[in-house]
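Here is how the chains run, residue by residue.
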Amino acid sequence: MGDRRLIGFAAGTAAAVLLVGGIGTAAYAADVRSTVEIALASLGVEASDELVDDLAEDELLDDALDDDAEAGDESGEPGGDEGDDESTDEELEESFLAWNERAELWRTAFAEVKTEFDACRAEVDAAAAESGEAAPGAKGDCAVAFSGTLQVAFAETLVEFLQSQEAAIAALPEDQRAAAQAELDRRLDKALTKLDRTSERVEARDAKRLEKALEKLSGADKSATDDSATESDETETSTSGKPEKPAGSNGNGNGGGGGKPDHAGKPAGD
Amino acid sequence: MRARASLAVAIAVATAVSLAACAEATDAAPSPHPILTSDLPSDVTARGVLLAAVLLSEGDVERAVADGLVTPAEVDEAIRAIERDELDVWAQRAESELAED
Numbered sequence: 002m003g004d005r006r007l008i009g010f011a012a013g014t015a016a017a018v019l020l021v022g023g024i025g026t027a028a029y030a031a032d033v034r035s036t037v038e039i040a041l042a043s044l045g046v047e048a049s050d051e052l053v054d055d056l057a058e059d060e061l062l063d064d065a066l067d068d069d070a071e072a073g074d075e076s077g078e079p080g081g082d083e084g085d086d087e088s089t090d091e092e093l094e095e096s097f098l099a100w101n102e103r104a105e106l107w108r109t110a111f112a113e114v115k116t117e118f119d120a121c122r123a124e125v126d127a128a129a130a131e132s133g134e135a136a137p138g139a140k141g142d143c144a145v146a147f148s149g150t151l152q153v154a155f156a157e158t159l160v161e162f163l164q165s166q167e168a169a170i171a172a173l174p175e176d177q178r179a180a181a182q183a184e185l186d187r188r189l190d191k192a193l194t195k196l197d198r199t200s201e202r203v204e205a206r207d208a209k210r211l212e213k214a215l216e217k218l219s220g221a222d223k224s225a226t227d228d229s230a231t232e233s234d235e236t237e238t239s240t241s242g243k244p245e246k247p248a249g250s251n252g253n254g255n256g257g258g259g260g261k262p263d264h265a266g267k268p269a270g271d
Numbered sequence: 253m254r255a256r257a258s259l260a261v262a263i264a265v266a267t268a269v270s271l272a273a274c275a276e277a278t279d280a281a282p283s284p285h286p287i288l289t290s291d292l293p294s295d296v297t298a299r300g301v302l303l304a305a306v307l308l309s310e311g312d313v314e315r316a317v318a319d320g321l322v323t324p325a326e327v328d329e330a331i332r333a334i335e336r337d338e339l340d341v342w343a344q345r346a347e348s349e350l351a352e353d
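In order, the protein sequence lines correspond to chains A and B.
Everything in the first sequence is counted per this note's numbering, starting at 2 for the first residue and increasing by one.
Everything in the second sequence is counted per this note's numbering, starting at 253 for the first residue and increasing by one.
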């Protein structure tokens, strides 16, 4: 009786958690959607509901929009509710300046990682052409590795850029130097924290994927071993007097583990 | 007298022909905006340009680039489009690509 009550309570709690979580997620998604809609409208774009939905569906967009909100909180600025034209223009101007300041670094970092990605895809294609069938998920592995390497490369780029500003500060008049140095130190601290977090996140994700791949591989090996064992049993029972070697040395691809080109997507320096 | 009449007829015919040609020229549909028809580089999509524009306005575009959400080329295009007031053309292209999917 007590058990039944306990199970009922647990089920009720789980349902409540799911319900609250669901409502929270829905509200959050609606928030992102309305932010996208408002931003487009403020830029003079009339987009269909379908297009706004499509743009807002990306989970990563939540993060990029969140970050800005956090930055706004940090600086003590209001959230920018309706956003009059003037402040929108000012914000855009600031964004343009910030982007132009580092755009060349982003382009270079992107081009370098893209070269690695293209090589990974080419290797997957070549392996598929050789074996006659595409390894499942191999192209996706390239994409995942690409995004991880890209995130780390960009975080490194930001740190390198800020470190390169030391010389510019040294060239400033003495009365401006201290304030500029303090601002640079603040930004550098933030960038280094971001680099650490990004590296940890990407490493953890890579480790998880590697673990999964190894599990899959050992599962495949196990089933291949089981298959060949069954086969050898069958061979032994059906060809009783024949002194044939049990199939094991060159059975069904046992020990080869081939067709796993996903290591190709693993970033070299990661 | 006859020569004058034939000259008048010739002028009338020539005027009619040129007016017809003009009318045809004005009836012809204006050529579509290059953004709608040009082949895009592999690292640019209309959707990405719009997302970049949204993030330039309301978010952290560098974080989005770092997350692989938009490319540097898409941010460049978004800035160009905002400055030239062409973002709605990119939206048109995104709408038509979405309809094709």
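Please keep in mind that the hints were generated in silico from the structure rather than gathered at the bench.
We put the CB at the ideal spot given by N, CA and C, even for glycine.
Among the hints, a few may not be true.
[Said to hold, decoys possible] Partial list, computed: chain B residues near chain A (C-beta under 7 Å):
| hint | residue |
| --- | --- |
| 1 | Ala281 |
| 2 | Asp291 |
| 3 | Leu292 |
| 4 | Pro293 |
| 5 | Thr297 |
| 6 | Val306 |
| 7 | Leu307 |
| 8 | Leu308 |
| 9 | Ala316 |
| 10 | Asp319 |
| 11 | Val327 |
| 12 | Glu338 |
[As the list claims (entries may be wrong)] Computed Cβ-Cβ distance ranges for the label pairs, DEER-style:
| hint | chain 1 | residue 1 | chain 2 | residue 2 | range |
| --- | --- | --- | --- | --- | --- |
| 13 | A | Glu113 | B | Asp353 | 26 to 36 Å |
| 14 | A | Arg198 | B | Ser283 | 47 to 57 Å |
| 15 | A | Ala112 | B | Thr289 | 43 to 53 Å |
| 16 | B | Ala351 | A | Ala181 | 27 to 37 Å |
| 17 | A | Glu95 | B | Pro293 | 48 to 58 Å |
| 18 | A | Glu184 | B | Ala351 | 40 to 50 Å |
| 19 | A | Glu134 | B | Asp337 | 31 to 41 Å |
Outcome of the hint check:
no.: 1; hint: Ala281; result: violated, 22 Å
no.: 2; hint: Asp291; result: violated, 18 Å
no.: 3; hint: Leu292; result: violated, 15 Å
no.: 4; hint: Pro293; result: violated, 11 Å
no.: 5; hint: Thr297; result: violated, 11 Å
no.: 6; hint: Val306; result: holds, 4 Å
no.: 7; hint: Leu307; result: holds, 6 Å
no.: 8; hint: Leu308; result: holds, 4 Å
no.: 9; hint: Ala316; result: holds, 4 Å
no.: 10; hint: Asp319; result: holds, 5 Å
no.: 11; hint: Val327; result: holds, 6 Å
no.: 12; hint: Glu338; result: violated, 10 Å
no.: 13; hint: A/Glu113 to B/Asp353: 26 to 36 Å; result: holds, 31 Å
no.: 14; hint: A/Arg198 to B/Ser283: 47 to 57 Å; result: holds, 50 Å
no.: 15; hint: A/Ala112 to B/Thr289: 43 to 53 Å; result: violated, 27 Å
no.: 16; hint: B/Ala351 to A/Ala181: 27 to 37 Å; result: violated, 51 Å
no.: 17; hint: A/Glu95 to B/Pro293: 48 to 58 Å; result: violated, 27 Å
no.: 18; hint: A/Glu184 to B/Ala351: 40 to 50 Å; result: holds, 48 Å
no.: 19; hint: A/Glu134 to B/Asp337: 31 to 41 Å; result: violated, 50 Å
Comparing the model with each earlier hint shows violations of hints 1, 2, 3, 4, 5, 12, 15, 16, 17 and 19; every other hint is respected.
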